[in-house]
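Novice: Take a look at the letters that make up each chain.
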Amino acid sequence: MKTNNKSYDGVAKFFDFFRAGDMRRWGPDQRALFKNLKGRVLYIGIGTGQEIVNFPPGLDITAVDMSYAMLERSHARVQNYRGKIHRCQMDAQATAFQDNTFDTILTVCVLCSVNQPAICLKELKRVLKPDGELVMFEHVLSKNPVYALILKFMSHVTEYLEGTYLDRDTVGNAERAGFKIHSHKNVYLDIVKALIAKSA
Amino acid sequence: MNLKIADFFIGTFAGGLVALVVYLVLSTQPNMLIAMVLGGLIGMVLVLPLKILLMPFVGAFEVMIPLGIIGMGVGMTAGMLSAISGISGYVVIAWGNLAGCMVATIIYFANKRLVNQ
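Taken in order, these protein sequences are the chains called A and B.
Be aware that the first sequence starts at 0, since it is given in numbering that gives the first Met the number 0, and climbs by one per residue.
Be aware that the second sequence starts at 0, since it is given in numbering that gives the first Met the number 0, and climbs by one per residue.
Next up, chain B with everything else stripped away, as it sits in the complex (with noise of 0.2 Å):
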């Protein structure tokens, strides 16, 4: 597969797994502000052995970069969505996703402008 399209999926893939990881811990979690603090704790922990099994694959900074920022990121915000009652996993996953997608993208382009100068 085409390296830069497989960035797009990782970061996908990255985004959803986190979400999920910290909906299944938080969704009892009441205080919004310690689901934020947690939800990046524990995002930047799942993404550390993430990173190391894709690196051998997909390149170390390719990886290393995306998966820092989806992991606090993706957490922090993934754990806001968690704390807020009547909000099902379903729509945290989707936006672990949609965020991880995103973060994919800025960085295509950024690399694309750093790369062109």
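Bound-form chain A, shown alone (with noise of 0.2 Å):
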């Protein structure tokens, strides 16, 4: 749970190690998300920083994680890109920002570990500018009985290890919280998947 300070500061140390083989995989469909963003950039849950050798050049991005460990885990691949980013310590459930400060917000696996995702994704909003994009590229409930049974199953696993829940409703959620998805992606199967939202 990267959102998470206590468990995520204990897995900082293996975050990058564990996620190895997901980032191998995601590369290519988040390069082709992360070329929506634009404008001044909200990065929710920065990690380690795996994501940014996927991000366009040129960026202004103001990213947050509540792991200090993660967040100092960060620092090489923050200083290796070429564009600003700005780091802070900070809950995605109440950030300090401004209302309507940001022009897109990005997410990545995020929302699949904060306490309230729906709470999360309202504060998402507030600090969104009316006409901004919410990009999420998260995990999701399978809407396949079979795949839903075994992600059930694991996320009691997942939760004990480190905070990460694999049955949330991400679409759902978005849009109970005011969203509507304006583009939406399977990247495998129906689990993971690459999001764009806008205010409804």
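Careful: at least some of the hints might be erroneous.
If we take Cβ atoms under 8 Å as the criterion, some of the chain B residues that face chain A in the derived model are [what the hints assert, rightly or not]:
id	residue
1	P55
2	I68
3	A93
4	Q116
What the hints contain is simulated information worked out from the structure, not anything from laboratory work.
Values in this document were obtained by computation on a predicted structure and should not be read as measured data.
A virtual CB, placed ideally from N, CA and C, is assigned to each residue, including glycine.
Build the complex: two chains, separate frames, hints provided.
Specialist: Laid out in structure tokens, this is it:
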């Protein structure tokens, strides 16, 4: 859970190792999705900054994470980025930003981890400009009952290990928070998704 | 190695491994129904550490979904086969390999369909 400081401070040391396989798989899809980042960007849950390598150059990014250990580990990647990244330690569910601040908000595997995804999404809507875009690269509960059963079972394991839930209805949560999904692409089965949402 | 090719090897290997363990544990079990239930449980437990071991190398969901199906499915069917007298362990393992590869193939095409939607 990149936004839960206690558990993610603990796993920060191993985080890159655990996510290496995912990063190898998702690189091309992330690069395609991140082309939509524009203007002033808020990057929720920077973690160790693994996704930075897939960002287009020249962006003005404010990156937040709850875990100080994660933010520390992102330092080298932030330094190597050909653009501006300003990092803050902050809870995604209650940020310190003013209303209508950002043109784009990016979440990458964060809404599976925050304690209250609906509250987090409402907070993101507050700080996003009315014509801004919420760009999400997230995993959700599958609609296929066999996959869903496996995800629900494994969710107990991942919740215990690092506080990540595999059974979240992120698309539904975004819609309930007042977003309308404009672009919806499956990256792996109907579990890993690249989504773009705007204020409804 | 290309990760998509690795998925087929992992499916085949996991199927064979589950079948082998189920055969070793249940080959003396005469009741096919009990062997099926126990085989499914053994398979589910066995693939759990395998999933955690492989996730960092080939991706979490790409391991979790096929191995979840293989663990229970191959475990149950290998348990039933193991309970039939006269069936050798090689046949049970070969079935596990084949079934594991089949699951990987089905998921490959299901993924292709969903991603291209």
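Novice: Would you mind marking each hint as holding or not holding in the structure?
Specialist: So, going through the hints one by one against the coordinates:
no.	hint	verdict
1	P55	5 Å, holds
2	I68	7 Å, holds
3	A93	24 Å, violated
4	Q116	6 Å, holds
Violated hint for the displayed structure: number 3, the only one.
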